[in-house]
Amino acid sequence: MSSGQLVGWGEEPGALELAQAEVLFLLAGSLRNSWPDLYKATRYFNGTWVQYINGIAEVFRKDIAAVSSRADVVFLWSQFEKTLLVQKSPKEVRALLDQVGQEIGDRLGNGGDPLLDLAERNVRACTAVRGLLKSFGVEQTILLPVPVLLIPDAHRGQSPLAWTMPGRTEIRWALQREPRAFWAALAVQSVLEHEYLSHLAPKSHLLSPSVREEWLMAVLLLDVQRRSNADHRLLWYLRYRLGGIGELTMLRLPDAASTMSSYEPYSKVYRRFNRELLSLPADPGAAARADEILELLDTSPPEVWGRLLGGSWDGSIAGFPQEFS
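To convert, note that position 36 of the sequence shown is 1386 in this note's numbering; the numbers rise steadily by one, no gaps.
To be clear, the hints were calculated from the coordinates, so they are not data collected in a lab. A couple of the hints might just be wrong.
What the hints assert, rightly or not - EDC-like mimics (lysine to aspartate or glutamate), calculated; alpha carbons at most 20 Å apart, straight line:
| hint | residue 1 | residue 2 |
| --- | --- | --- |
| 1 | K1618 | D1573 |
| 2 | K1553 | D1641 |
| 3 | K1432 | D1463 |
| 4 | K1553 | E1520 |
| 5 | K1412 | D1422 |
| 6 | K1412 | E1372 |
| 7 | K1438 | D1448 |
Turn these sequences into a full structure, and let the hints steer you where they fit.
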C-alpha cells in the first residue's frame, strides 16, 4: 500500500504497469486543475470540450503501450499538442493547454508519488459523500475512506472501471487502455463518490441495481452539479455516453430526482426517502418495496409525481400510498 495507505495494488505491479498507471494519473491530474476553465472556454463551441477530452483519451489509447517510465507523460502530451484540433484552438484555449503542459512538467519535476493525487481525491470523495449523508439526516457509523486497489485489466476493457465487492472495504480500479479510462481518471473523484454512496454507505446488501446504479447515481449527479457544473457535465458524459458506471434501465429517474430535490414542498420527501434507502436493514420486503417505488416514479408522468409528492406521502418507504402502487 502506498500514498498514505489509501492507494495500493491488487497484485505487485511490474515496472511497465506501474509506469503506465503513473502516466495516466499524472496526465489526468495535471488537466484536472485547469478543467473548469477549459470547460467554460469551450462549452459553447458546439460541444468542443468533448472533442478535447476525446483527443487526449485517443492519444492515451494509441501510445500508452509505448510508455516505459513516468517521464513518457511528456511524450503523450506532445502528441496531443500536435493534433489539428489543438493547432487550430482559439488563443484562450491554447493558453489553458499550455498551462496544463507546464503543470505536467512541474509535477514530473517534483519527483513525488504520481498516485498521491488519486489518494487525495479518494479522501475528498469520502468527505463529499459524508456531507451528502448528513444533509439527508442519515445516522450511522461515520463513513471512512477505504483503499483504492489498482487492478490489471484482465477483461480487455469489458469490466467496470471501478467497483466495490460485496462485504469488502475497498474500491477496485481497473487499469484499462481504452479511451474511457482517461475520462474516468479525469472524473476520478466523482467516480469514487459513486462507490461510496451506492456501495459503501448503504446498510442493506439487498438493495438492487435500480437503487444503487440508477437512483443513487441520479442523486449523486444532482449533488455534483450543485458543487461544480463542469464536473457534473464530465460525469454525466461518462455515465450516459460511455457506460462507465452501470447500465441504464430507468431513464426517467433523473428527472424524478431533480423534481423532488428542486422544489421546497417536495424536498422533505426527497430527503426522507434517501435517508430510508441508505438506512434500510437487510430486509427483502423493504428492498422490494423500494424497487416498486422507483418503478412507479420511472413509469409515471410528471403530473402523477406532483400528486404523489404534494399529497400524503411523507417519503417513507413503508408509508408509500397504496393508491399509487
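The hints, checked one at a time:
1. For the given pair, K1618 sits about 16 Å from D1573 by alpha-carbon distance, which is consistent with the 20 Å threshold.
2. In summary, the hint linking K1553 to D1641 is supported, as the alpha carbons are separated by about 16 Å, within the 20 Å threshold.
3. In summary, the hint linking K1432 to D1463 is not supported, as the alpha carbons are separated by about 28 Å, beyond the 20 Å threshold.
4. Restraint check: the Cα-Cα separation between K1553 and E1520 comes to about 16 Å, which is no more than 20 Å; the hinted pair holds.
5. For the hint linking K1412 to D1422, the alpha-carbon distance of about 13 Å falls within 20 Å, and the restraint holds.
6. At most 20 Å may separate the alpha-carbon atoms for a hinted pair to count; K1412 and E1372 meet this at roughly 17 Å.
7. Only pairs whose Cα atoms come within 20 Å are accepted, and K1438 paired with D1448 is accepted, the gap being roughly 14 Å.
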